[in-house]
Every structure is written in C-alpha cells, then in structure tokens.
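Those sequence lines, one after another, are chains P and C. So that you can map any letter, position 121 of the first sequence is 121 in the numbering used here, and since no number is skipped, the others follow by simple counting. So that you can map any letter, position 53 of the second sequence is 53 in the numbering used here, and since no number is skipped, the others follow by simple counting.
Calculated from the structure, these hints are not laboratory results. Warning: the hint list may mix true and false statements.
Quick list of in silico lysine to any residue cross-link-like pairs, SDA-like style, CA-CA up to 20 Å [to be verified]:
id, chain 1, residue 1, chain 2, residue 2
1, C, Lys-137, P, Ile-225
2, P, Lys-12, C, Ile-88
3, P, Lys-141, P, Asp-194
Facing chain C, a subset of chain P residues (Cβ under 7 Å, in silico) [as the list claims (entries may be wrong)]:
id, residue
4, Asn-11
5, Leu-16
6, Phe-17
7, Leu-27
8, Thr-28
9, Thr-31
10, Val-45
11, Arg-54
12, Asn-55
13, Asn-56
14, Ser-140
15, Ser-151
16, Asn-153
17, Thr-156
18, Phe-177
Only a predicted model underlies this, so the values are computations on that prediction, with no experimental measurement involved. Glycine included, C-beta positions come from ideal geometry on N, C-alpha and C.
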Amino acid sequence: MQQIIFFFIRNKNFLLFAFLFIISVGLTIQTHNFHNNKFISSANVVTGAVYTFRNNITDYFTLSKENEQLLQENLRLRKKLAQFRNSFDDEVLDSTVLPSKFKYYTARVINNNYSKSKNHLTIDRGKRDSIKIDLGVISSKGIVGIVSDISANYATVQSILNTNSRINAKLKKSSHFGSLIWNTEDPNVAQLIDIPRIAQLNYGDTIITGGRSTIFPEGILIGTIQDFHLDRDKNYYYVNINLFNDMTSLENVYLIENTEAEEIIELEKRVENVE
Amino acid sequence: MSNSDIIINIVRFVLLIFLQVMILNNINVAGYINPYIYILFILLFPLDGDKGLLIFLSFLLGLSIDIFGDSGGVHAGACAFIAYIRPIVLKYSFGVSYEYKSVKINKADAMERLTYIASLVFMHHLIMFALEIFSFKHIWLILKSTLFSGIFTIVIIICTMIIFNRKS
Chain P
1 MQQIIFFFIR
11 NKNFLLFAFL
21 FIISVGLTIQ
31 THNFHNNKFI
41 SSANVVTGAV
51 YTFRNNITDY
61 FTLSKENEQL
71 LQENLRLRKK
81 LAQFRNSFDD
91 EVLDSTVLPS
101 KFKYYTARVI
111 NNNYSKSKNH
121 LTIDRGKRDS
131 IKIDLGVISS
141 KGIVGIVSDI
151 SANYATVQSI
161 LNTNSRINAK
171 LKKSSHFGSL
181 IWNTEDPNVA
191 QLIDIPRIAQ
201 LNYGDTIITG
211 GRSTIFPEGI
221 LIGTIQDFHL
231 DRDKNYYYVN
241 INLFNDMTSL
251 ENVYLIENTE
261 AEEIIELEKR
271 VENVE
Chain C
1 MSNSDIIINI
11 VRFVLLIFLQ
21 VMILNNINVA
31 GYINPYIYIL
41 FILLFPLDGD
51 KGLLIFLSFL
61 LGLSIDIFGD
71 SGGVHAGACA
81 FIAYIRPIVL
91 KYSFGVSYEY
101 KSVKINKADA
111 MERLTYIASL
121 VFMHHLIMFA
131 LEIFSFKHIW
141 LILKSTLFSG
151 IFTIVIIICT
161 MIIFNRKS
C-alpha cells in the first residue's frame, strides 16, 4: 500500500500530464464526429463576445468590398424581381406566401478559419434567431458550409474547407453527381470525387449543389473545374474545383432552412425500418 | 515564486491568449503558416515554480486557445506535453546546474537560449499538427507545417524577448 502511494507521489507530474493529455486527445477525437462537437466549441458566451468585439474593429477594413458585393446582389435580385413582376402582371399574388419550402436567414461571420485541416466558422445567429443544427450556409457567391453547433446567440459552421465535410454536388451541364471534399492544400480549391467516368468533363465547367440532400437546395453555385484526372481504379474522376467563393474573406452569409427536411428524413427512416 | 511573479504570470497568461486569438491566428502567411507565440508563457514560467502547477496551467492555456479556435484539444495536449518535458529540455540546454544556479532565461548564453526555445517550439508544433491533422497519410503536411510555423514562431518569440528585455 505504502509503495503504491510512494509511486503516485514520485510520478505525480507524469500522471497529471498523462491524464491531461488523454483528455486532450479525447476532445480532439470528439471534434472529428460532426454532431458531437458540443463540449468545447467557440459557440459560447465568452468567445462569442470576444469575436464580436474583434469583428466590430476588423469589419471596417472590408467594408468597401462587402458593399460592392451586396450592391451587385441587390442588382441581380432587382432584375429578377422585375422579370417576376412582368410575368405575373395580370394575376393577383400575395408575395408573402410564395410557395417555397426553403426559408432564408442572414448572419454575419464573426470568426473564420481556413488554414487548418478542419476549419470552422462562427456566426452571430443562434437558437434565439431560430437557427438549427444542419442548416446550409451560403454567401452571395456560393456554398460555405453546414451549421454544426449552436448556442443561444451564436453558431459554429463546419466549413467546406474541412476534411470531414462531404457535400452532394453535380455538374450543371449533365447532372452527373459526386461528393465535394477538401484535400487541405489550397483554401480556394476543393475536390469533387465519385464522378462516373462516363461523364463529359471540360475545363471551366460549372459545379452546383445536387439537391439530393435535405440541407442545400439544388443549384447553389460551388465553382468551376480547374483540372481533372481519373482515380487509381480508372472508374471515377478526381476533379479540382476553383471555388467561386473566396473562403478567406467572408462577411455576410445566408442560412437556408428546408422546412420539409424533417418530413423527408422521417419518411426515409420509415422505409429503412421496413426493410 | 514571489507575489509579483504571480501577477506577472497571470497578466501574461491572459494577454497572450488575447494576442493569439485576436491577431496571430489570422496572419496565415502563404495560406497556412501562423506563429503560435502563446507558448511564451510556458517558456518564461519561473524555473523554480511548481512543475505540476505548470502542467495544469499549460493545459488550461492550450484549452483556451482550442475553445477560440474550435480545434478540440490539440493545443491543450501539445502544451501539457511541453510543460511536462520542460525540466528535461532545461537540463540539456543550460546544463545540469540550472536548478542551483537559478539561470535567467533572458540572460543566458544566446546559443543555449536558442536550443531551449527551438526544442520546445518544435515539439509543441509537431504534436499540435499531428493531433490536428490526425492521419499518417498527411505526414508531409504535418512535417512541413511544423517546420515553417516553427521557424516563424521562434523568430517572433526571440524578437519579443529582445524587445521586452531592453525595456526592463
């Protein structure tokens, strides 16, 4: 007994270190699971406040660029609205109940990572703004990521620049679909895998979201083909994609909620259960 | 440890976390190279301070950085490790007698000081990037990141030490 106690006293520093190191590794592994990174995350009161403070300062540096982007988006939306008005000139339509299953929210990015292999963003909307886990996040130029964790006022977003991220995407031209991943090398280049060999690829072809998930609607812009080659088995293409979005400078983003997501998931679960 | 030491270390702890998460995490030279100079707290922790306390404080320091960076426990693990290994590194960089002579890190021989800083920085970075990337497939990425970020960190740590030394 005495020897055991002596052993503990003699090695107390090592035991303390080992204990803390195991905790760290545990926390690290936990973040590799998409839905479980709730224990340690930057969606909390203190970090949220600090990042908001920093953002209030750094916002001014990107104001002109952001304004330019928002102006362009306004212009585009105005044009669309004008077209819409023209085509529905005679009918009376209440525009507040347009039949759409997608709801949109706006948010500001208060923290953005792109230099690690598993990147997250923090945004200034949370449970109180009826944000939920698994909402899609896009900017005016294209896809950004998926909400992975929320607190009362903030939410973290798993960026597409994250080795855990897999998003359904397809060729705009021919609707062949594959998965969007990231190989950690360049924050402006993502990879599209599992595109069947039969698909016709050209440099500069546009890639959009596939609409096969309940998160993103079909047709959100992703990027253009930079180069491509067949993978080892010669069955599928490995495509490098130039992202439309500059992932290194994000300010204003939109969140997309699919109001029918639960229904779809429930239905699919029921089918699986029957099988 | 005297009272003033305790206050200095508390201030250093908080200041370094803020400096790291507000400014240094956003430098991203060439896309991925960041200096991680918050480990200066561990390097400069009083040599006669309690070792267990240092390990625990380092863990907290790393965990704070992790919470801000959404990186799980990668900084916490790396910090706990270098805090544990620090006495050994001290011994081979400053000689066996560091414990009795009360070596001042700021006044030690330049070469000895560089050995001490470089060993701890590279160990910290290696463990951190290994935990973060967490796959043998990307071993080159781990080594590359360690080397470049490590050099960047060492340069900035030495600059910081020189600047603050002159003042006192």
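Here is how each hint holds up against the structure:
1. A threshold of 20 Å between alpha carbons decides the hint, and for Lys-137 of chain C with Ile-225 of chain P the separation of about 25 Å lies outside it, so the pair is violated.
2. For a cut-off of 20 Å, the pair hint linking Lys-12 of chain P to Ile-88 of chain C stands: about 16 Å separates their Cα positions.
3. Between Lys-141 of chain P and Asp-194 of chain P, the direct Cα distance comes to roughly 25 Å. Violation of the 20 Å bound is thereby established for this hinted pair.
4. Given hint, Asn-11 of chain P at the interface with chain C, is violated; its Cβ is 11 Å from that chain's nearest Cβ, farther than 7 Å.
5. Interface hint at Leu-16 of chain P: satisfied, since its Cβ lies 5 Å from the closest Cβ of chain C, which is below the 7 Å cut-off.
6. About 4 Å separates the beta-carbon of Phe-17 of chain P from the nearest beta-carbon of chain C, less than 7 Å, and the hint is met.
7. For Leu-27 of chain P, the interface hint holds, the least distance from its beta-carbon to any beta-carbon of chain C being 3 Å, beneath 7 Å.
8. Proximity of Thr-28 of chain P to chain C holds as hinted, the smallest CB-CB distance being about 4 Å (cut-off 7 Å).
9. For the restraint placing Thr-31 of chain P at the interface with chain C, the shortest Cβ-Cβ distance is roughly 4 Å, inside the 7 Å limit, so the hint holds.
10. For Val-45 of chain P, the interface hint is violated, the least distance from its beta-carbon to any beta-carbon of chain C being 11 Å, above 7 Å.
11. Nearest Cβ of chain C to the Cβ of Arg-54 of chain P: about 5 Å, under the 7 Å cut. The hint holds.
12. Interface restraint check: Asn-55 of chain P against chain C, minimum CB-CB distance 10 Å, threshold 7 Å, status violated.
13. The beta carbon of Asn-56 of chain P is not positioned within 7 Å of any beta carbon in chain C (closest approach about 12 Å), and the interface hint is therefore violated.
14. Hint on Ser-140 of chain P is violated. Least Cβ distance to chain C is approximately 22 Å, over the 7 Å limit.
15. Given the 7 Å rule on beta carbons, the hint for Ser-151 of chain P is violated: about 12 Å separates it from the nearest Cβ of chain C.
16. A distance limit of 7 Å between C-beta atoms decides the matter here; for Asn-153 of chain P the minimum to chain C is near 16 Å, and the interface restraint is violated.
17. A distance limit of 7 Å between C-beta atoms decides the matter here; for Thr-156 of chain P the minimum to chain C is near 6 Å, and the interface restraint holds.
18. At its closest, the beta carbon of Phe-177 of chain P sits 26 Å from a beta carbon of chain C; the interface hint therefore is violated under the 7 Å criterion.
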